[in-house]
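A.B. asks: So the sequence lines, in the order shown, correspond to chains A and B. Just so it is clear: in the first sequence, position 273 is 897 by our numbering, and no numbers are missing. Just so it is clear: in the second sequence, position 120 is 1001 by our numbering, and no numbers are missing.
If you are wondering where the hints come from, they were derived from the structure by calculation, not from laboratory data. Check the hints yourself; a few may be wrong.
[Said to hold, decoys possible] To give an idea of the chain B side of the interface with chain A (calculated C-beta under 8 Å), a few residues:
1) K928
2) T1011
3) P1013
4) P1015
Glycine residues also receive a C-beta, built at the ideal position from the N, C-alpha and C atoms.
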Amino acid sequence: MPFAGTISLMQKSRRSITDLILHIHPPTVPAETLRFTLSWGLGGMAVMLVALLFLTGLLLVLVYQPTTADAYSSILILTREVPFGLWVRNIHHWSANLLVVVAVLHLLRVVLTGAFGPGRRLNWVIGLVLLFLLLSSNFTGYLLPWDQLAYWAVTICTSMLGYIPLLGPWLLELFRGGAEIGPATLANFFVLHVALIPGTLFILLLWHFWLVRRAGGLVQVGPKSAQTDRVPTVPNLVMREAAVGLVLVAFVLVLAIAWDAPLLEQANPGMSANPAKAPWYFLGFQELLIHLHPVFAIFVWPLLGAFALICVPFWRESSLPPGIWFGSERGRKLAIWTVVAGSVATLAVILLDNVLLHAETATIADTIMTRGLAPTILVALLLAGLYVLLVRKLEYTRAEAVMAGLLLLLAVLTVCTVIGVWFRGAEMHLVWPWTETGTSG
Amino acid sequence: MMQENPAKTTTMAPNRRQFLNRLWALFGLAAVAEFGWLGISFLSSRKERNKPVKTESIVTAGPVELFTPATVTAIPQGQLYLACLADGSFLALSRTCTHLGCSVPWDEEKNQFVCPCHGSTFSLDGEVLTAPAPRPLDYYPVRIENGIVKVDTSSPQRRERFEPDQATKL
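Construct the complete structure from the given sequences, taking the supplied hints into account.
C.D. replies: In structure tokens:
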């Protein structure tokens, strides 16, 4: 009797765990969507990294002191005296940075497998908000150690707010908690990092998952009625997710043993680090700042970009045929050509403008035209021209043209980021990374 | 429970229900406005409290003889640079880049200020040599009393270009 009782108890608890999982996943999933190369498990990886960030964040917040006087020394105590403190900080750091990469690749996967069509439009928008939130989370976390990197990143970032038309000065003071950077600024960013952003992120993540389920799980080839083979979620899908997730955790743990998260000297308001660089995922924007008028680099272009991204799924037939990478063989070739041509063109423009910047004699008042309106109109005309060329002359579908546009955006951002990370030295001059002799990095 | 007698509710109470729904909406909006007001006052009080207190706004840079024409000297206690222009007049420059607020070091060899953040450069008198900086470095009023250069750092002055009257002659 007692023996039989324990078995039924175990069965019951297993059953309840299965039921819990089935709140997120449907009871059965199409066998076809299980193949790894459809999604590369990127969404699951992102979830795993968020989980790691929550757990390590819980530990870190116990040691960290959110005041300008103690923040830096509390990080030193964390890394030198707290057992495994250094490791925990490194895990947090690497998870956060990998999360940016994984989330962007996840977005790319959604674009290339046609997963933002009807039924998934709202989820695309939520996904974009999640991307914004995790970038903000990353950035606010970057500021907390209050070292040289942090201090000048806050300075630059909050000054950027000042260029926003009308609301700029008000926003600047709101985020700084006053006219100058000080204790109130750090308190602001601390609250954003440990409360506001994670709370919002958590709610939106659940919504994101639920909408995937409501759309019938992952995208698949052909109409919904043609789906045949369905297999139980537990264990088929859950085991696969666990395999990907655990391998990723192991990878992060090893990464965190091998490389330490950076920590510069304590913040020094009197001297900027040279070169003062933003975190790597913002270096693409920093490149824009070098070339464009601040109002355009900070406000107009990001706003236009965000607006375009949000609108993409609401344009009719802008999504590729679901479940097939690049839509077709022709689409795949187009994608490769777009990325190659886009990268080369970006590199050429940056090099050309580098010469112009140093030869320029125009008065500063003109830059709102020469480095603002003119390039904006030029880029808009170029994009419209490319669209007409692809759709009218070369007879690509609208979805393929949209895919090419999004890939072009990503290629430009990637090239700018690569240049910002490795090819900009002291005073943000272009340099070869192997001839760089400077001490800062 | 309301469903049990749908005929009654639809015939008897549409006006009352409509009225109550609107009242609820009004209360809801009032609550949102109150919380909004609360949040804004809370946050703006911080802005007021954190206004920088300028205890000493006059910074003594030193005797006139100390500075040779066409040189720039950092005055650390005022967080500024004192530029002695070619004609021997004095111009006090803020060290904050007008682009995004980085602190700008003076490069003796190149004879210009170079911003480490986005590569803006400024000439000896603070004018922009290379974009992206949108305007020249801010300046502070300078006074020369008994051969001693003094700078009033209470408020940095914005400007669109360098004019000779921004500098102080001996």
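A.B. asks: Given B/P1013 as an interface hint, is the shortest Cβ-Cβ distance to chain A below 8 Å?
C.D. replies: For B/P1013, the interface hint holds, since the closest Cβ of chain A sits about 6 Å away, which is under 8 Å.
A.B. asks: Mind checking the CB of B/K928 against every CB in chain A and telling me if the closest is under 8 Å?
C.D. replies: OK, holds: B/K928 within 8 Å of chain A, min 5 Å.
A.B. asks: Please check whether B/T1011 passes as an interface residue: C-beta within 8 Å of a C-beta belonging to chain A.
C.D. replies: Nearest chain A Cβ about 6 Å off; hint holds.
A.B. asks: Does the closest beta carbon of chain A sit nearer than 8 Å to the beta carbon of B/P1015?
C.D. replies: It holds, given that the least Cβ distance between B/P1015 and chain A is near 6 Å, below 8 Å.
The structure agrees with every numbered hint stated previously.
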